[in-house]
Amino acid sequence: MELWILFGSFTLLMLIGTPVAFCLGIASFATVVYMGLPPLVVFQRLNSGMSVFSLLAIPFFIYAGDLMVRGGIASRIVAFAASLVGHVRGGLGQVNIVTATLFGGISGSAVAEAAAVGGLMIPQMKARGYGTDYAVNVTSMSALIALLLPPSHNMIIYSISAGGKISIADLFTAGILPGILLAASLMVTAYFVARKRGYPTEPFPGFLMVAHLLAVALPGLLLIAIIFGGVRSGIFTATESSCIAVIYALLVTIFVYRQLNWSDFVHATMGAVRTTAMVLLIIGTAAAFSWLMAFLKVPTSLVAWMNTLSENPIVILLLLNVIMLLLGTFMDMGPTIIITTPIFLPIAQSYGIDPVHFGVIMILNYGIGLNTPPVGAVQFVACAVGKITVWQAMRSIWPFYGAGIMVLLLVTYVPAISLWLPSVFK
Amino acid sequence: QTVLKSSDTHPDGYPTVEGVKYFGELLKERTQGRYSVDVYHSAQLGEEKDTIEQVRSGVIELNRVSMAPFNGTVKETIVPALPYIFTSEDHMHKVMDGAVGDQIKAAFEPVGLVVLAFYDAGSRSFYNSKKPIKTVADMAGLKFRVIQSDIFVDMTAALGANATPMPYGEVYSSIETGVIDGAENNFPSYDTAKHVEVAKYYSLDEHTILPEVFVMNKAAFDALTPEDQEIFKQAAKDSVAKQRELWAAKTTESRANAEKLGSQINDVEKQGFIDAMKPVYDKHVKDPVLQKLVEDVRAVK
Amino acid sequence: MSTQPPLGVPILSRVNTTALYLASIGLVVMTAIVAWQVFCRYILNDSPSWTEPGAVMLMSWFIFLGAAVGVRENNHMGFDVLLYVMPHWAKKWLRMISDIVILAFGIGMVWYGSKLVGLTWNTTLPALGISGGWDYLPVVGGGILVMLFSLERIVLRVSGAPIDDALDEMVAPEIAVELENVSAVREDAAEQARKG
Ligand code: NA
Ligand code: NA
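Chains as they are written, first to last, in the working numbering: chain A, 1 to 426; chain B, 1001 to 1301; chain C, 2001 to 2196.
Since the hints were derived computationally from the structure, they do not count as laboratory data. All C-beta atoms, glycine included, are put in the ideal place defined by N, C-alpha and C. Keep in mind that a hint or two might mislead.
Stated by the list, open to error - Calculated lysine-lysine pairs in the DSSO-like style (CA-CA distance at most 30 Å, straight line):
| hint | chain 1 | residue 1 | chain 2 | residue 2 |
| --- | --- | --- | --- | --- |
| 1 | B | Lys1237 | B | Lys1094 |
| 2 | B | Lys1218 | C | Lys2115 |
| 3 | A | Lys297 | B | Lys1094 |
What the hints assert, rightly or not - Estimated spans, in silico, between C-beta atoms of each pair:
| hint | chain 1 | residue 1 | chain 2 | residue 2 | range |
| --- | --- | --- | --- | --- | --- |
| 4 | C | Ile2107 | A | Ser301 | 27 to 35 Å |
| 5 | B | Gln1264 | A | Ser423 | 35 to 43 Å |
| 6 | B | Lys1286 | C | Ile2043 | 32 to 40 Å |
| 7 | C | Pro2087 | A | Phe255 | 52 to 60 Å |
| 8 | C | Gly2129 | B | Asp1038 | 31 to 39 Å |
| 9 | C | Met2086 | A | Phe330 | 13 to 21 Å |
| 10 | B | Gly1058 | C | Ile2107 | 41 to 49 Å |
| 11 | B | Lys1283 | A | Ser233 | 47 to 55 Å |
| 12 | C | Ala2032 | A | Glu311 | 34 to 42 Å |
| 13 | A | Pro200 | C | Val2029 | 49 to 57 Å |
| 14 | A | Phe330 | B | Gly1058 | 46 to 54 Å |
| 15 | A | Val266 | C | Gly2129 | 28 to 36 Å |
| 16 | C | Cys2040 | A | Gln392 | 35 to 43 Å |
| 17 | C | Ile2130 | B | Leu1204 | 51 to 59 Å |
Said to hold, decoys possible - If you want the footprint, here are the derived chain C segments under chain B, 3+ residues with CB under 8 Å:
| hint | segment |
| --- | --- |
| 18 | 2049-2055 |
| 19 | 2126-2140 |
Whole structure, please, built from the sequences with the hints as guidance.
Structure (C-alpha cells):
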C-alpha cells in the first residue's frame, strides 16, 4: 500500500503537469503521513539531499557555462571549428559537432550547449540551405557529447547517488573515449545524411587562418587543460575544479576577450541561479523520495527479482538499457539518476559490472532521453532555437538516434572503452 | 510483533552492523518474537548527522553511530573523543563499562535518546602517501583529511599538520592525485575504503580510541514495559561482548590484508604526540563537568 | 528571458526581485569561498575548516530562495504534455491542483522546517561554531516565499484574473533560461564579425 501511494500520487501529479520537484516532495509527504512516520523526515531529506559539498559542482558548472556563452568563448570556438572542418561534406553539420565536442570539454551541461552551439549554428545552417530539421538534430544529438566529456556534473550526481564512494576523477576520465566515440559516429552519420541531401561544403580557409582562429579560441579552450590537468596533478579536487572554471571563465571573458560587461555578468549570474535552483530543488525532493524507497526496501527487492530473471550479465545489461532508455524518455536526467542509481547500481554490481563503467552507461542512456519527447530539455531548446516543432525534428532524427544507440551498445558491451583510460592514469 | 529500524553507515557484515543484528536476534528470542530489528546498513537512510535527527524525532527507533557527531549536542561525548584520553583499549573498556560510561549514557537522555551500548571502533591513526611518521616533527606540513570535528581539526594543527576539509568520497582520489597527503582511521576502514592502495604508510600513533554508541529513541524505550526494558538492556549488553570479539577479528584481518597490499606499518614515539595535545585539552576541556570527567577517566586504572 | 508574470501583487514582485538578487549574491560569494579554499590549501598550505560547511550552507540558502522565485516565474520543470491538449477550463483546474500542491509543500517546509530548527537549535555545528538550527532555516525561509507565491496565484485565479492566459504566453520553463543566452551569443558573433 505504501508503495502505491508513493508511486501513484507521484504519477498522477506528474500527469497533470505539477512541477517534478513538487510531485516528488508531495508524494513522499503523503506516504510518510500514511505510514505514521514524523513528516519532518521529508524536509530533512530535502535539505540534506542538497547540502552536499560535491553538489556545488552543479551551480558552478552551470554558472561557468553561462559566463562562457555570454562572454564570447562559445562564439570563438565556433569560428575555429568552422575553419577546421567546414570543407567536409555537409560542412556546417561537421562544424556543429566539432564545436559541441570542444565546448563539451569545458562545459558540463548539454542544455547550455544546445543553446550556445545551436544559437550560433542553426541560423547559419538555415541560411546556407541546410534543412532546419537537420540543423536541429545535429545540434541536439551532439550536445550530448558534453555529458560524457569532463566536466560533467551529471557524473558527479551519479557518484553522490552511489553513496559518494565512486571516484569522480575516474568517472570524468572514463567518459572521454565514449564522448569522442559519440562525436565520431555523429560526424559519420551527418556526413552520409548530408551527402544524400546534397548539402554544400565550405571553402577551406587555409592553414594560416585555422592557426589564427585557434589562437583566438585558445584562451577559452585552455580551460580543458586547466580542469583536467588541475585535477590530475592534485591542485584541486574534481568538485573544486568547477569553481576554478567559473574563475577562469570570468578572467578570460573580462580581461582577454573584454566582452563581459556588468549587465552580462548580472544576467549570467541570475540565469545560473534560476537553472541551479530548479535542478537542485528536484535533487532535494528526489532525496526524500529515494529515502522512502530505501526505507521500504524497494532496491533490495528489485535486485532479488532481477537475479531470478537471468544469470547472464549480457541479458541484464540489455534489460537495464531498455529500462533506462524508457525512463529517460519520460523523465529528466538529474532526478532520474538520483532515483535510479541506488536501484540499478546494486543490480549491475551483483553481476560484476564496474560502477565506473555503469555510470558511463547510465549517463549515455539518460542523455539520449534528453533528446526524446515528451520530456527532453535538449531537444526542446534546439527546436526552440530552430523554430520548428519537436514532431518536425522527429521525422528525420532516426539516423542520429541510430548512431547514439550504436555507441551505447559499444560502450555497454566493451567495458574497455570506459575503463581503459582511467587504468592508464592509475 | 514490532520490527525496529536501525541505521548504520557501515556495509553489511561490518562488526557494528553484525553487533546490532545479534542484538536483534537476542531480542527476538527473549521476547518470543514480539520484537525484532531490521538494520539499514551502508548509510541507506542517510549520513550519521541525519540519522541522529531521525532517531531523535522517532522516524527510526535505533541507530548505531560514532561518538564524534554528538560532540556539539551532548558535551560529555567530548571526553572519550579527546586524543590520548585512554591509554589502551582495555582502559577504554573499563572506563566505558563503569561509572564514567554511566554518566555519559545519562547525558543522552535530555536530547531524547537512551544509550543501549558502547561498541568498539578500535584506535585511529594517521596514514599517508609520503613517508612513515615516527615523531611529531614528521607531521609538519602534511595535509590530512580528518573527520568533521573541531577536536580532530585542533589535534591535527597541534601536531603541526594541516587538517583539510573534504567529503569522504573524495579522499581516495585526492590522496592519489596529491590534493592531500593522507587521512586517519582505524584498520578496518583503511582497508575497506581501499585507501591502502594510495597511502601505504600507516603510522600507529593511535590518537583516539573512540567507541561508538548504539542508541534508542527515548519515547520508544519508555513505551516498553519494565520487563521488556530489562530484556532490551540485557540483550544490548550481551551484544557488546559479541561485537568486541568481531571487532578484534576484523582488525587483525584488515591489518593483515593491508600488509598484503603493501602497507608499511610503523610505531611512533607516542609520548611526543601525547605531550603535544595540551592546547587541545586547554581549548576543549574548560567546562568543570568535563574537567571532572577527564580526572575520573584518568583515575581508572 | 523568463520574466515575472505580467499579473501579480506589486509588493510580491518586489519580494521576488529581492530574493533573486540575494540568491545571486549568494552564488558569487560561494564562488569566492571555494576559490579561497583552493588558494589556502595549495598556496598557503593551511586549509580553513569553515569553507566547506560555509559554502554548503550558502548554497542551501540560494537554492531555496531561487526555488521560490522559480515558483513565481513558473520556472520549474514539469511534464506538461497533457496540459497542451486539455480544453481551457480543464487546464485551469489542473493548474489549480498543482498550485495547491505547491502551497501544501510550502506550508510543510515552514511547519516541519521550524520543527527541525527546534530539534537542532541546541546543537553546535563543527567548524562553523553556530547553532545546528541554521542548517534548516533556509527551508523555513524558502517555504514562506513558496507559500506566498503559490497563494498569490491561487487567489488571482479565484478572483477571476486571467492568470492562466498569462502562463500560456510564457515560454516553456526548461528552456526559458537557456534561450536568453541564445540572443547573447548571436550578438557576440555579430560583434566579432564586424571586427573581422
Ligand atoms: Na562536459
Ligand atoms: Na526524454
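Results for each hint:
1. B:Lys1237 to B:Lys1094: holds (14 Å)
2. B:Lys1218 to C:Lys2115: Distance ~18 Å between Lys1218 (chain B) and Lys2115 (chain C) Cα, so the pair holds.
3. A:Lys297 to B:Lys1094: violated (39 Å)
4. C:Ile2107 to A:Ser301: 27 to 35 Å: Since Ile2107 (chain C) and Ser301 (chain A) have Cβ atoms about 33 Å apart, the given range 27 to 35 Å holds.
5. B:Gln1264 to A:Ser423: 35 to 43 Å: For Gln1264 (chain B) and Ser423 (chain A) the Cβ distance comes to about 25 Å; the hint is violated.
6. B:Lys1286 to C:Ile2043: 32 to 40 Å: holds (34 Å)
7. C:Pro2087 to A:Phe255: 52 to 60 Å: holds (56 Å)
8. C:Gly2129 to B:Asp1038: 31 to 39 Å: Holds, since Gly2129 (chain C) and Asp1038 (chain B) (Cβ atoms, about 37 Å apart) stay within the stated range.
9. C:Met2086 to A:Phe330: 13 to 21 Å: Taking Cβ atoms as reference, Met2086 (chain C) and Phe330 (chain A) lie about 19 Å apart, which means the hint holds.
10. B:Gly1058 to C:Ile2107: 41 to 49 Å: 21 Å Cβ-Cβ, so the 41 to 49 Å window is violated.
11. B:Lys1283 to A:Ser233: 47 to 55 Å: violated (36 Å)
12. C:Ala2032 to A:Glu311: 34 to 42 Å: Since the Cβ atoms of Ala2032 (chain C) and Glu311 (chain A) sit about 54 Å apart, the hinted range of 34 to 42 Å is violated.
13. A:Pro200 to C:Val2029: 49 to 57 Å: holds (50 Å)
14. A:Phe330 to B:Gly1058: 46 to 54 Å: Cβ of Phe330 (chain A) to Cβ of Gly1058 (chain B): about 36 Å, so the range 46 to 54 Å is violated.
15. A:Val266 to C:Gly2129: 28 to 36 Å: holds (33 Å)
16. C:Cys2040 to A:Gln392: 35 to 43 Å: violated (53 Å)
17. C:Ile2130 to B:Leu1204: 51 to 59 Å: violated (36 Å)
18. 2049-2055: holds (count 4)
19. 2126-2140: holds (count 4)
Of the numbered hints given earlier, the model fails hints 3, 5, 10, 11, 12, 14, 16 and 17; all others are met.
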